[in-house]
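For what it's worth, the working numbering labels the leading residue of the sequence shown as -7, then goes sequentially.
Everything labelled a hint here was simulated from the structure, so no lab data went into it. Check before you lean on any hint, since a few could be wrong.
As the list claims (entries may be wrong) - When the alpha-carbon atoms are kept at most 16 Å apart in a straight line, the in silico EDC-like pairs for lysine to aspartate or glutamate are as follows:
#, residue 1, residue 2
1, 91, -1
2, 73, 30
3, 73, 27
4, 73, 105
5, 91, 76
6, 91, 105
7, 73, -1
8, 73, 29
Bear in mind the structure is a predicted one, so any value in this text is a computation, not a measurement.
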Amino acid sequence: MRRHRFERLVVRALASLPRQYRDRIENVAVLVAAEPDEETRRGLGLQPGEVVYGLYFGVPLTERGSSYGMELPDRIVLYQKAIEGASRSDTTIMHLVRKVVVHEVAHHFGLSDAELRRLSQA
């Protein structure tokens, strides 16, 4: 899938978030990269062949104090190759993009991976 088409899926996924969350996302850049760079892979401890669909880089809203300000935007990065590699069709790409966007936005709001797993099982 061409990058611009994939990016449109990301924009659609963001637009589909419930208004209560969508309206509270500030100072967050949402980006698409083909795959994580070597520094990111090392930082995550990823082994060859391990994939990651997306990452949140920043300070969650729940951890920001009164002195927080004048910071670079947080970043959410979706990794196109990994998402496409896990998908069999454009429809499954679309669903996985939305799932990853929701997951990374949840980190921005302060939910941990454990909390997200617990919520997805409820």
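Cross-check of the supplied hints:
1. Between the alpha carbons of residue 91 and residue -1 the distance comes to roughly 15 Å, so the proposed pair stays at or under 16 Å and holds.
2. A distance of roughly 15 Å separates the Cα atoms of residue 73 and residue 30; the hinted pair therefore holds under the 16 Å criterion.
3. Straight-line distance between C-alpha atoms of residue 73 and residue 27 comes to about 6 Å, which keeps the hinted pair within the 16 Å bound.
4. Only pairs whose Cα atoms come within 16 Å are accepted, and residue 73 paired with residue 105 is rejected, the gap being roughly 22 Å.
5. Among the hinted pairs, residue 91 with residue 76 is consistent with the structure: their alpha-carbon atoms are about 13 Å apart, no more than 16 Å.
6. With a C-alpha separation of about 13 Å, the suggested pairing of residue 91 with residue 105 holds against the 16 Å cut-off.
7. Distance hint between residue 73 and residue -1 is fulfilled; the C-alpha atoms sit about 13 Å from each other, no more than 16 Å.
8. Of the supplied pair hints, the one linking residue 73 and residue 29 holds, its CA atoms being roughly 12 Å apart against a limit of 16 Å.
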